[in-house]
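K.L.:
For our numbering, add 397 to where a residue sits in the sequence shown, where the first one is 1.
Just so you know, not all the hints are guaranteed correct.
[Said to hold, decoys possible] Here are the simulated distance ranges between beta carbons: (1) Asp465 to Ala687: 38 to 46 Å; (2) Ser460 to Ala750: 22 to 30 Å; (3) Asp539 to Ala651: 49 to 57 Å; (4) Thr711 to Ala468: 48 to 56 Å.
Hints were generated in silico from the structure; no laboratory data involved. Here the structure is a predicted model, which is why all the values come from computation and not from measurement. Just so you know, even glycine gets a beta-carbon here, dropped at the ideal spot from N, CA and C.
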Amino acid sequence: MKAIRPWTPYIVLVLILAIGGGYGWYRMSDTAKGWRYEESLKSFCEGLIPYEESAGYTGLDGSRLSADYRAGGSEGDFDSCTVAGFDLTIARVPDSTLKSFDGNDAFDRLDEVPGDSPPIPLGGGWRGYTDLVNTAVVLNCDNKAGSVFVTANDDDVDDLDDTYDASDSERARGIAELVAATAVNAAEEWDCDAKAGSRIPRLPAPAERTSPYAPKGTCAGIRLHDQEYVHWIQDAPASGTAPLERCVLGETKAEAVHLFEFEAAFGPFAQRLRSDDPDVGTYRRGAGGAKGSYWASAQCPGDGPRALFRVDPTQYVHIDGGSVDEFARDALATFAERRAEQHGCTDLTLPPASS
398 MKAIRPWTPY IVLVLILAIG GGYGWYRMSD TAKGWRYEES LKSFCEGLIP YEESAGYTGL
458 DGSRLSADYR AGGSEGDFDS CTVAGFDLTI ARVPDSTLKS FDGNDAFDRL DEVPGDSPPI
518 PLGGGWRGYT DLVNTAVVLN CDNKAGSVFV TANDDDVDDL DDTYDASDSE RARGIAELVA
578 ATAVNAAEEW DCDAKAGSRI PRLPAPAERT SPYAPKGTCA GIRLHDQEYV HWIQDAPASG
638 TAPLERCVLG ETKAEAVHLF EFEAAFGPFA QRLRSDDPDV GTYRRGAGGA KGSYWASAQC
698 PGDGPRALFR VDPTQYVHID GGSVDEFARD ALATFAERRA EQHGCTDLTL PPASS
């Protein structure tokens, strides 16, 4: 029988301590935590979520990656997943929504929840916007028809009745960076050659309700001097890059309410409106409308689907077919002309006066 060497127990103890220390390092160190998080990302949401832009929200905790779902086929794909409470949708869509593409589910997630502001352009050369609840980026494919879009919904955004401060702006910018980086990853994964932007700058505060007599943003040009029932407007900086733009006209009596809502929708946002249309003839026509609700369309560079410009009155407006109806149609024409020009669109089709 061999004698146990007196130093053998010490070797075993050293090995146990080394293994235990290594395991503790793997569980506790920031480096190892980063490795584990990186591994989690590889199998989550098709590996499209970026490490750097997501880490600040997840704290490198893989358990904060959840609700991973994928759908699609040969003509289009989309993924939805949740990153630290942000609901993301990542979609590749053809220019014309085909029956084989389950586009409605993806389009339903565009502008999914009412925002806290009219859409604010992201800047930095990105085709995107945030309304501080919904954030979206669209990348047009240069090598084939179609585009990639990514949206994020932030359910935890602060109520903007409170003071909008630097932390709100930085949070909005960070979410926009996450969305933009995810869009770049998706474009690369899906063989979509697309032009990316640069670092997103600090975002401006959402526009407050202002006098209707000096509109400067997306409401600019709409003549309101004879519309005494319009007490205020709310818009956002006008740009040629936001895929969704809005202008709101409102009144204040017992409370502030919307009267007319103008919208310019480009690329997938225009496709969404057409896919939601129960009457397939409506938005597929170039222009039309009645009773204060009108739409126009134009062809914009880089987009397959025509852009849509529309105005809708709310329940607080009485449309009698007279001056209010005429105002809505004329105001839409001004809104559409300005938005189309800034986006470089051509072939603008407006509703005729007899619509």
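K.L.:
Provide an ascending list of the numbers of those earlier hints which the structure does not satisfy.
P.N.:
Of the numbered hints given earlier, those the structure breaks are 2, 4, listed in rising order.
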